[in-house]
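> Spelled out, the chains give:
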Amino acid sequence: MTGTIVVAGGSMGGLRAAEQLRAAGWTGSVTVVGDEPHMPYNRPPLSKDVLAGKAPFASLAFTPKASAADVEWLLGTKVVAARLDERTVALDDGRALSYDGLVVATGMRPRRLRCPGPLAGRHTVRTLDDAKGLRDELTGPGVRLVVVGAGFIGCEVAATAVRLGVTEVTVVDPLPLPMAGPLGELLGRALLKRHEERGVRFALGTGVAGFRGDERVTGVVLSDGRVLPADVVVESVGSVANVEWLDGNGLDLADGVLTDDRLRVGGRPDVVAVGDVARFPNARYDGVPRRVEHWSIPTDTARHAAKTLVAGLTGADAGPGPFAPLPTFWSDQHDFRLQSFGAPGLGTDDVRVLDGDPEGDVLVGYHTGGRLVGVVALGGPATATAAARYRAQLLKSPALTP
Amino acid sequence: MKVVVDMNKCQDHGQCVFAAPDVFSLDDDGRLAYVPDADEALRDEVEEAADVCPLQAIRIEG
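Residue numbers (the numbering used here), protein chains in the order written: chain V, 1 to 402; chain P, 1001 to 1062.
Calculated from the structure, these hints are not laboratory results.
The beta-carbon is built from N, C-alpha and C at its ideal position, and this holds for glycine as well.
It cannot be assumed that every hint is accurate.
Claimed, not checked - Have a look at the derived ranges for each label pair, beta carbon to beta carbon:
(1) Lys132/V with Asp1028/P: 37 to 45 Å
(2) Ala69/V with Asp1028/P: 19 to 27 Å
(3) Asp357/V with Ala1033/P: 25 to 33 Å
(4) Lys1009/P with Leu395/V: 22 to 30 Å
(5) Asn1008/P with Lys193/V: 28 to 36 Å
(6) Asp1037/P with Thr63/V: 46 to 54 Å
(7) Ser1025/P with Phe57/V: 30 to 38 Å
Claimed, not checked - Among chain V residues calculated to face chain P with C-beta under 10 Å, some are:
(8) Ala23
(9) Asn42
(10) Ala61
(11) Phe62
(12) Arg290
(13) Arg291
(14) Trp295
(15) Ser296
(16) Asp300
Claimed, not checked - Only pairs whose alpha carbons sit at most 27 Å apart, straight line, appear in this in silico DSS-like list of lysine-lysine:
(17) Lys1009/P with Lys132/V
(18) Lys1002/P with Lys48/V
(19) Lys193/V with Lys65/V
(20) Lys48/V with Lys1009/P
(21) Lys48/V with Lys193/V
(22) Lys78/V with Lys65/V
(23) Lys132/V with Lys48/V
(24) Lys1009/P with Lys78/V
(25) Lys54/V with Lys65/V
(26) Lys1009/P with Lys54/V
(27) Lys132/V with Lys78/V
Bound conformation, chain V alone:
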């Protein structure tokens, strides 16, 4: 087998793609292009142990499989353009790479708030360098932290900051409850209470109008007129797909890169997408293409997309069938864990307690049309074990729309 597969993106998705190409039988060359200077590393600890100063890089780095030992890594290098018809990509160092197959794994970058005020003192948490930079600013005396965005990352950062001894920690969000978008009101309310009991303050139902300060941020101006004093701000307000380099190829790049149900891009046999940049239909649900930003998705998509791509390039087999992963995510905050199976976000209108009590350990079911589509456990490890029992039920359910 000859030829070259270029993997654009050197994070977890890029690594898993390279490994899975070997597992799918590709013996040609594989080149991974990644813009960070680091080999791929595990991101969940960034908002927790790395921020708390408890995880050195060596403990975060993935260990590539032996089968991927001959993969070429171009680190500190960015793919800036692609011509899919000519099968070339351009790099930011001026080079061009020709390929036979291309894996799109360029992931996301944090969305930033576009409102007036200084930039210094404002942080995001996406990369190792981000987390280290934030930690350096949080560990001084008397720090007041404002976290903008009460999603999972924002709430994890707030919890870690309390543990670090940050004097004031306030989370701002336009929604009335934290994490309410994906989890709904019942758990949102329970989580608000738990965070408040552990010292996190909230300013909910209001956005951010601007920032105070000359050289660096001294306060956050809320859209309801209040001003929160702040020495450090974390913006955790969603993410933007790194797809600009694919412009000019006639692709649907409205939110990530649209793929078919085999993770092929633009109907091409020689281009697939992997990780949270891929907007794919999940045959398990309603066929609506969505991006999924869960930790498990780079691995799940890489496994499937690598088979699709190798089949497309070699024609040796028909390739895999439709992609139908069971979404799963978790979030560790303070002394409790959320663990989710299925798609709770599709069933937030019909939420029922399956077991336990929202005041303590609880299992919550999300339904649509009377059918269970997602389960979330909140509590200690034994709760997660109980949630796992429902995982089998979710796996066996037929597709939402045939």
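Dock chain P against the given chain V, drawing on the hints supplied.
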């Protein structure tokens, strides 16, 4: 095939249990138990278990 789990890293997420139920299990308290000398026939699923471990705490030796 020797399976090693760094129990200092393990946080009992249980993802390995779904990938390789013959090798990994959670007890009633939700704590991980595993078979350190796993049958070679289970290599694929143990590799998947190592991939899906959120803490990357699973190592396969030999």
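> Against each hint, give a clear statement of whether it holds in the structure.
Hints, verified against the model:
no. : hint                                : in the structure
1   : Lys132/V with Asp1028/P: 37 to 45 Å : holds (40 Å)
2   : Ala69/V with Asp1028/P: 19 to 27 Å  : violated (41 Å)
3   : Asp357/V with Ala1033/P: 25 to 33 Å : holds (28 Å)
4   : Lys1009/P with Leu395/V: 22 to 30 Å : holds (27 Å)
5   : Asn1008/P with Lys193/V: 28 to 36 Å : holds (32 Å)
6   : Asp1037/P with Thr63/V: 46 to 54 Å  : violated (21 Å)
7   : Ser1025/P with Phe57/V: 30 to 38 Å  : holds (32 Å)
8   : Ala23                               : holds (9 Å)
9   : Asn42                               : holds (6 Å)
10  : Ala61                               : holds (9 Å)
11  : Phe62                               : holds (6 Å)
12  : Arg290                              : violated (21 Å)
13  : Arg291                              : violated (20 Å)
14  : Trp295                              : holds (6 Å)
15  : Ser296                              : holds (6 Å)
16  : Asp300                              : holds (9 Å)
17  : Lys1009/P with Lys132/V             : holds (21 Å)
18  : Lys1002/P with Lys48/V              : violated (31 Å)
19  : Lys193/V with Lys65/V               : violated (43 Å)
20  : Lys48/V with Lys1009/P              : holds (14 Å)
21  : Lys48/V with Lys193/V               : holds (20 Å)
22  : Lys78/V with Lys65/V                : holds (24 Å)
23  : Lys132/V with Lys48/V               : holds (11 Å)
24  : Lys1009/P with Lys78/V              : violated (33 Å)
25  : Lys54/V with Lys65/V                : holds (26 Å)
26  : Lys1009/P with Lys54/V              : holds (12 Å)
27  : Lys132/V with Lys78/V               : holds (22 Å)
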